[in-house]
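Chemist: Starting from the given sequences, assemble the full structure and let the hints guide the process.
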Amino acid sequence: MALDIDRYSSIDSSISRWDPRFKVFSLGVLIISIALLKTIPMAFVALIIAAIVIGMSALPLHFISNGLSFILVFLVPFFFIMPFSYPGEAAFHVLGLPFAWEGLRYATLIFTKALAIVLISFSIFGSSRFDVSMIALQKLKCPKIFVQMLLFTYRYTHVFLEEMHRMHTSMHSRGFVAGANAQTLRIYGNFIGTLLVRSFERTDRVYKAMLSKGYQGELHSMVKFHSSFPDVLKGLIVVGLSLVLLLSDYGGIFKVAERGWY
Amino acid sequence: MHISEGVLSAPVLITGFVGTAVLAAATMRKMDLEEIPKISVITSVFFVSSLIHVPIGVTSVHLILNGLVGVILGWRAFPAVLVGLVLQAILFGHGGVTVIGVNSLMMGGGALVAYIVWQQRYRFSFKRREFIFGALAGATAVGVSGIILALALATTGEAFHAVAGAVLLAHIPIMIIEAGVVGACAEFLSRVKPDILAGQRLAQSASAGPDAAT
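One line per chain: the protein sequences are A and B, in this order. For the first sequence, our numbering assigns the number 7 to the initial residue and increments by one for each residue that follows. For the second sequence, our numbering assigns the number -11 to the initial residue and increments by one for each residue that follows.
Simulated from the structure, these hints should not be mistaken for lab results. All residues carry an ideal CB built from backbone N, CA and C; glycine is no exception. Be aware that one or more of the hints could be misleading.
Chain B residues, not near chain A, derived (Cβ > 12 angstroms throughout) [to be verified]:
id, residue
1, Val6
2, Gly7
3, Ser37
4, Ser48
5, Val101
6, Ile104
7, Phe114
8, Lys115
With a straight-line Cα cutoff of 27 angstroms, these simulated DSS-like cross-link-like pairs (lysine-lysine) come out [claimed, not checked]:
id, chain 1, residue 1, chain 2, residue 2
9, A, Lys230, A, Lys145
10, A, Lys219, A, Lys150
11, A, Lys230, A, Lys147
12, A, Lys219, B, Lys18
13, A, Lys230, A, Lys150
14, A, Lys147, A, Lys240
15, A, Lys214, B, Lys18
16, A, Lys147, B, Lys115
17, A, Lys145, B, Lys181
18, B, Lys18, B, Lys181
19, A, Lys44, A, Lys261
20, B, Lys18, A, Lys150
21, B, Lys181, A, Lys214
22, A, Lys44, A, Lys240
Derived coverage of chain B by chain A (criterion: at least 3 residues anywhere in the stretch with Cβ under 8 angstroms from a Cβ of chain A; other residues may be distant) [to be verified]:
id, stretch
23, -5 to 5
24, 51 to 64
25, 71 to 79
26, 128 to 136
27, 160 to 173
28, 178 to 188
Modeler: Next up, the structure:
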């Protein structure tokens, strides 16, 4: 599984050229405003905006679709659960289960909003190197210690993933097959324990090496941010769009359906 | 075990963020520089282990291990879980950015309760104590997370009452699996590298005294 969200960050686009501080902040505001939407038409508008943003980021289609496939696993079940679990009057029955249109509307709303948010989140973190996004977060007053933990964890995750694959291969080569039994659980427990012990010893060495090179808990980087008028303008447009979305949603242009489909 | 983007109402989302901010500030107090790599290691292992799937019949569930984070990191489990969830949201879109608050309360809250359960092991003395308390901690963490998740869904709207009930039921097999894995892991670590575990007391003969915690 590819974990490096920033593997296409070198692609030149109007989103990747955007000063990361402005990008993270304004698209963050857009994400929050989408999460607060209540009507389906505005959620669709948000999805169109998200599609435009990801289109502008010029990230490859296979990268986006690969990422989306993980999320669909979580979201598609809503379409099967909500219509059959919505309280109130059922429109008709499917195999004895009451089907309510209101449930389907709810599922559509959730699905559309989540898709829009995930697309925007991909365009934020896919269009800059991970460390640059983190420095931008730090500049936006995110606590230093937290940013450091994010960076360390991100780095270690790649190392452990390799380690885990190696250990998995050796387990399988000795004939291990996972099953629904106590032995599997015990083996996984020992497996994680071994991974922890090995990793601890390794990090201890890395930490001492860092200290000897003068590490004092600060994140130093050669990255310098330069903002120009277009960066500010893009930020203002996105924040403005977020406000328009929210105001139209809460302003009563579209009414939240009380009953039935829209 | 994640709440997706777009499900919860604004008051629930805001409560999640406020609760998480308070708990994160409280559990991150006086954090040493030295602790950052240790916490990050556990967070990474927590993150990577969630890719391990355990088969149950025709389906499979992935490990959560928030109980193990509590067993190893103690109070510092909360910031670790928070970091793990932020990364999951960024890298996979799992959970999502606006639900980080609620998800952290859910998973991190479970980890903190697991730590409290784990610490009770000193009250007892019997064979395989570490396994039993590790298993209890693992199961409790998932149970608490399930209850918080069900509460978040139930308070969002009547539409989710049925889902909340289903979610609680779905947690039972996960609790059993986590109990087995966390118990085995705690027992393994207490034999191989006990100083990793949270609240580990030094041996009675140690000069630091019996109550010194690592």
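Chemist: Determine for every hint whether it applies to the structure shown.
Modeler: Hints, one by one, checked against the model:
The beta carbon of B:Val6 sits about 15 angstroms from the closest Cβ of chain A, which is more than 12 angstroms, so the claim that it is off the interface holds. Consistency note on B:Gly7: stated as away from chain A, and its beta-carbon is indeed over 12 angstroms from all of that chain's, at 17 angstroms minimum. Non-interface status of B:Ser37 relative to chain A is broken: a Cβ of that chain comes within 12 angstroms, the nearest being about 6 angstroms off. Distance to chain A contradicts B:Ser48 as a non-interface residue, since its nearest Cβ pair spans about 8 angstroms, not more than 12 angstroms.
With a minimum CB-CB distance of about 20 angstroms to chain A, B:Val101 clears the 12 angstroms threshold, and the non-interface call stands. Non-interface call for B:Ile104 relative to chain A: holds, since the shortest CB-CB distance, roughly 21 angstroms, exceeds 12 angstroms. Annotated as non-interface, B:Phe114 keeps its C-beta farther than 12 angstroms from every C-beta of chain A; the closest such distance is 19 angstroms. For B:Lys115, the requirement that its beta carbon stay farther than 12 angstroms from each beta carbon of chain A is met, with the minimum near 16 angstroms.
Among the hinted pairs, A:Lys230 with A:Lys145 is consistent with the structure: their alpha-carbon atoms are about 11 angstroms apart, no more than 27 angstroms. Distance hint between A:Lys219 and A:Lys150 is fulfilled; the C-alpha atoms sit about 20 angstroms from each other, no more than 27 angstroms. The hinted pair formed by A:Lys230 and A:Lys147 meets the criterion: a straight-line CA distance of about 16 angstroms does not exceed 27 angstroms. Proposed proximity of A:Lys219 and B:Lys18 is supported: the alpha carbons are some 24 angstroms apart, at most 27 angstroms.
Using a Cα cut-off of 27 angstroms, the hinted pair A:Lys230 and A:Lys150 holds, with the two alpha carbons roughly 17 angstroms apart. For the given pair, A:Lys147 sits about 21 angstroms from A:Lys240 by alpha-carbon distance, which is consistent with the 27 angstroms threshold. The suggested pairing of A:Lys214 with B:Lys18 holds, with an alpha-carbon distance near 21 angstroms, which does not exceed 27 angstroms. For the hint linking A:Lys147 to B:Lys115, the alpha-carbon distance of about 50 angstroms lies beyond 27 angstroms, and the restraint is violated.
Proximity of A:Lys145 to B:Lys181 is assessed by CA-CA distance (about 39 angstroms); at most 27 angstroms being required, the pair is judged violated. A hinted pair counts as satisfied when its Cα atoms are at most 27 angstroms apart, and B:Lys18 with B:Lys181 qualifies at roughly 25 angstroms. Between A:Lys44 and A:Lys261 the CA atoms are separated by roughly 9 angstroms; this keeps the pair inside 27 angstroms, and the hint holds. The suggested pairing of B:Lys18 with A:Lys150 holds, with an alpha-carbon distance near 14 angstroms, which does not exceed 27 angstroms.
Note on B:Lys181 and A:Lys214: the hinted pairing holds, with a Cα-Cα distance of about 20 angstroms set against a maximum of 27 angstroms. For the given pair, A:Lys44 sits about 26 angstroms from A:Lys240 by alpha-carbon distance, which is consistent with the 27 angstroms threshold. Requiring three or more residues with a Cβ within less than 8 angstroms of a Cβ of chain A, the coverage given for the stretch -5 to 5 of chain B holds, as 3 such residues are present. For the stretch 51 to 64 of chain B, the stated coverage by chain A holds: 4 residues have a C-beta nearer than 8 angstroms to a C-beta of that chain, and at least 3 were required.
Three residues within the 8 angstroms Cβ limit are the bar, and the stretch 71 to 79 of chain B against chain A gives 7, so the coverage statement holds. With 0 residues carrying a beta carbon less than 8 angstroms from a beta carbon of chain A, the stretch 128 to 136 of chain B misses the three-residue requirement, and the given coverage is violated. Only residues whose C-beta sits within less than 8 angstroms of a C-beta in chain A count toward coverage, and the stretch 160 to 173 of chain B has 7 of them, enough to reach three; the restraint holds. Counting residues of the stretch 178 to 188 of chain B whose beta-carbon sits less than 8 angstroms from any beta-carbon of chain A gives 3, enough to reach three: the coverage restraint holds.
In terms of the numbered hints stated before, the structure departs from hints 3, 4, 16, 17, 26, listed from lowest to highest.
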